[in-house]
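**Q** This is what each chain is made of:
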Amino acid sequence: MADINPVPIWLTVKLSIWTTILLLIIGVPLSYYLAYTKSKLGLVIEALATLPLVLPPTVLGFYLLLLLSKNGIIGSVWYRLFDYQLVFHFEGIVIASVIYSLPMMVHPLTSGFRSVPRNIIEASWTLGKSKIETLFRVILPNMKASVLTGIVLSFAHTIGEFGVVLMVGGNIEGQTRVVSIAIYDAVEAIDYKTAHVYAGLLFVASFISLAMLYAINRRWSL
Amino acid sequence: MRTLLFLLLGLFSLAHAELIRVFAASDLQFALREIASLYMKKYPEDKVELVLGSSGKGYAQVRAGAPFHIYFSANMKYVEELYKEGHIITKPKPYAIGRIVVWTRKDSPLDPSKFPEVLLDPKVRRIAIANWEHAPYGQAAKEALEAYGVFDRVRNKFVLGENISQTASFVYSGAADIGIIALSLALAPELQAKGKYWLIPEDKHERLEQGYGITKEGGKVKNARRFYDFIGSPEARRIFVKYGFVLPGEER
Numbered sequence: 001m002a003d004i005n006p007v008p009i010w011l012t013v014k015l016s017i018w019t020t021i022l023l024l025i026i027g028v029p030l031s032y033y034l035a036y037t038k039s040k041l042g043l044v045i046e047a048l049a050t051l052p053l054v055l056p057p058t059v060l061g062f063y064l065l066l067l068l069s070k071n072g073i074i075g076s077v078w079y080r081l082f083d084y085q086l087v088f089h090f091e092g093i094v095i096a097s098v099i100y101s102l103p104m105m106v107h108p109l110t111s112g113f114r115s116v117p118r119n120i121i122e123a124s125w126t127l128g129k130s131k132i133e134t135l136f137r138v139i140l141p142n143m144k145a146s147v148l149t150g151i152v153l154s155f156a157h158t159i160g161e162f163g164v165v166l167m168v169g170g171n172i173e174g175q176t177r178v179v180s181i182a183i184y185d186a187v188e189a190i191d192y193k194t195a196h197v198y199a200g201l202l203f204v205a206s207f208i209s210l211a212m213l214y215a216i217n218r219r220w221s222l
Numbered sequence: 223m224r225t226l227l228f229l230l231l232g233l234f235s236l237a238h239a240e241l242i243r244v245f246a247a248s249d250l251q252f253a254l255r256e257i258a259s260l261y262m263k264k265y266p267e268d269k270v271e272l273v274l275g276s277s278g279k280g281y282a283q284v285r286a287g288a289p290f291h292i293y294f295s296a297n298m299k300y301v302e303e304l305y306k307e308g309h310i311i312t313k314p315k316p317y318a319i320g321r322i323v324v325w326t327r328k329d330s331p332l333d334p335s336k337f338p339e340v341l342l343d344p345k346v347r348r349i350a351i352a353n354w355e356h357a358p359y360g361q362a363a364k365e366a367l368e369a370y371g372v373f374d375r376v377r378n379k380f381v382l383g384e385n386i387s388q389t390a391s392f393v394y395s396g397a398a399d400i401g402i403i404a405l406s407l408a409l410a411p412e413l414q415a416k417g418k419y420w421l422i423p424e425d426k427h428e429r430l431e432q433g434y435g436i437t438k439e440g441g442k443v444k445n446a447r448r449f450y451d452f453i454g455s456p457e458a459r460r461i462f463v464k465y466g467f468v469l470p471g472e473e474r
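Taken in sequence, the protein lines are chains C and L.
Residue numbering for the first sequence follows the working numbering, starting at 1 and increasing by one per position.
Residue numbering for the second sequence follows the working numbering, starting at 223 and increasing by one per position.
Among these hints, one or two may not hold up.
With a straight-line cut-off of 20 Å between C-alpha atoms, the simulated DMTMM-like cross-links for lysine to aspartate or glutamate are [stated by the list, open to error]: (1) K438/L x D83/C; (2) K418/L x D191/C; (3) K269/L x E256/L; (4) K442/L x D3/C; (5) K328/L x D191/C; (6) K193/C x E439/L; (7) K193/C x E412/L; (8) K269/L x E173/C; (9) K263/L x D3/C; (10) K269/L x D3/C; (11) K416/L x D191/C; (12) K444/L x E271/L; (13) K70/C x E439/L.
Hint data in this document are derived by calculation from the structure and do not stem from the laboratory.
Isolated chain C (complex conformation) (with noise of 0.2 Å):
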């Protein structure tokens, strides 16, 4: 009998929602600047924003692990804020996975952003539209395939995450024990029936995640 908690199920999908919402959030200023900048800076930061896709999750776990922990800078503070670590919390995964998918959210973002013609924008400019108006008016109408893009991407990216997690959560239930973790244990376990239905989950999720990425960029590429 396979031992199926759906509690690791559950928190996989709150830990893709939240990281997708704060992508969200962080990437749209950041690859705008990213996509219209001149400076030799933008140079560096996109490079550091695409760096966690080629890292290895370890080499980010540790390094995460160190600023996360109560010692750590992050972690000190939301410590003396919170009374509770980063570290073996939910909070602490999310922040670890928000900077694990940056690049999946920045990467379409910035392509999208750099693929919005330029006379529009200015046409919006001359016509009174403030920056923020063009924006969200103009700019983002015109690029929604980028912005389905980034945010499936994430989502998906994040329900597979293992090693950030592991490193930085320490495989808590109901805090940090996401389905991958739970695969994880139940192989440990020689618990094959469950590892099969989480991993089988974990499989058809991520299909689906590339299915509906193909339909999106068919539906809106021409």
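Here the structure of chain C is known, so what remains is to put chain L in place on it, guided by the hints.
**A** Just chain L now, with coordinates in the frame of chain C:
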């Protein structure tokens, strides 16, 4: 965010008033799970949650302030260390003495009782043992291999498990040909059905005296003490014996 989390998690926590979060060395995988479910049947108001891993990892996590209430190590030393540092508030107490076995699948042509020569068999490509840096069962396996004088000869065949349960999983899945694992895992139904083992004599490695204690975090949880005491009850002791553990004070 915290409030939202509380509201959402509240749905789960309503069902169980008192949560006792236990970190346990992974050789306890099956024994402690059985003890915990027996305990929860007796005290349905409590929920015991197990997190398994290597003793060294648990030690590091308890030191880092992980929210575990009771820490079960496969090696007394880690508990004593935590006690000295004030992370554990009860005097380190032994609960069992572990043994190691050579384990392979039933369908393997290898014969574990031919230890240690069997490890030198050319059919053996991969030998699973736990990482001796932080897994006491890995340390014992290393000592036994050294005692038999084969450690350096088979070293390049090692595949290191992060803990003893992962090590067992390596051999069980066929990824490794043979391995040295805890007797308590070899006696679990799944492994017993699929494998054959040979008990490594006790005098070939340092005694695996396993200990446990309530953490500072656990001091805040009223019923942690009840589970802590339950470990010494006759019912719990019977389960330890069933999984091949020798009990402290009952050594032969």
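**Q** Taking 20 Å as the top limit, are the C-alpha atoms of K193/C and E439/L close enough?
**A** At roughly 34 Å apart (the allowed maximum being 20 Å), E439/L and K193/C break the hint.
**Q** Taken at face value, is the distance from the CA of E412/L to the CA of K193/C at most 20 Å?
**A** 12 Å, holds
**Q** Does K438/L pair with D83/C here, judged by a C-alpha cut-off of 20 Å?
**A** 15 Å, holds
**Q** Need the status of pair K263/L, D3/C: alpha-carbon distance at most 20 Å?
**A** Within the cut-off at roughly 18 Å; holds.
**Q** Compare the distance between the alpha carbons of K442/L and D3/C with 20 Å, and conclude whether the hinted pair is satisfied.
**A** Since the Cα atoms of K442/L and D3/C sit roughly 30 Å apart, the hinted pair is violated (cutoff 20 Å).
**Q** With the threshold set at 20 Å, check whether the alpha-carbon distance from K328/L to D191/C stays at or below it.
**A** 18 Å, holds
**Q** What's the verdict on K269/L and D3/C, does the C-alpha distance respect the 20 Å limit or exceed it?
**A** 16 Å, holds
**Q** Hint check: K444/L vs E271/L, CA-CA at most 20 Å. Holds or violated?
**A** 15 Å, holds
**Q** Against the 20 Å threshold, does the CA-CA distance of K269/L and E173/C hold or violate the hint?
**A** 12 Å, holds
**Q** Given the hinted pair K70/C and E439/L, is their alpha-carbon gap at most 20 Å?
**A** 15 Å, holds
**Q** Decide if the proposed pair is consistent with the structure: K418/L and D191/C, CA atoms, cutoff 20 Å inclusive.
**A** Roughly 19 Å between the alpha carbons, so the hint for K418/L and D191/C holds.
**Q** For the pair supplied as a hint, K416/L and D191/C, is the alpha-carbon distance within the 20 Å limit?
**A** OK: K416/L and D191/C at ~13 Å, within 20 Å.
When held up to the earlier numbered hints, the structure conflicts with 4 and 6 and fits the remainder.
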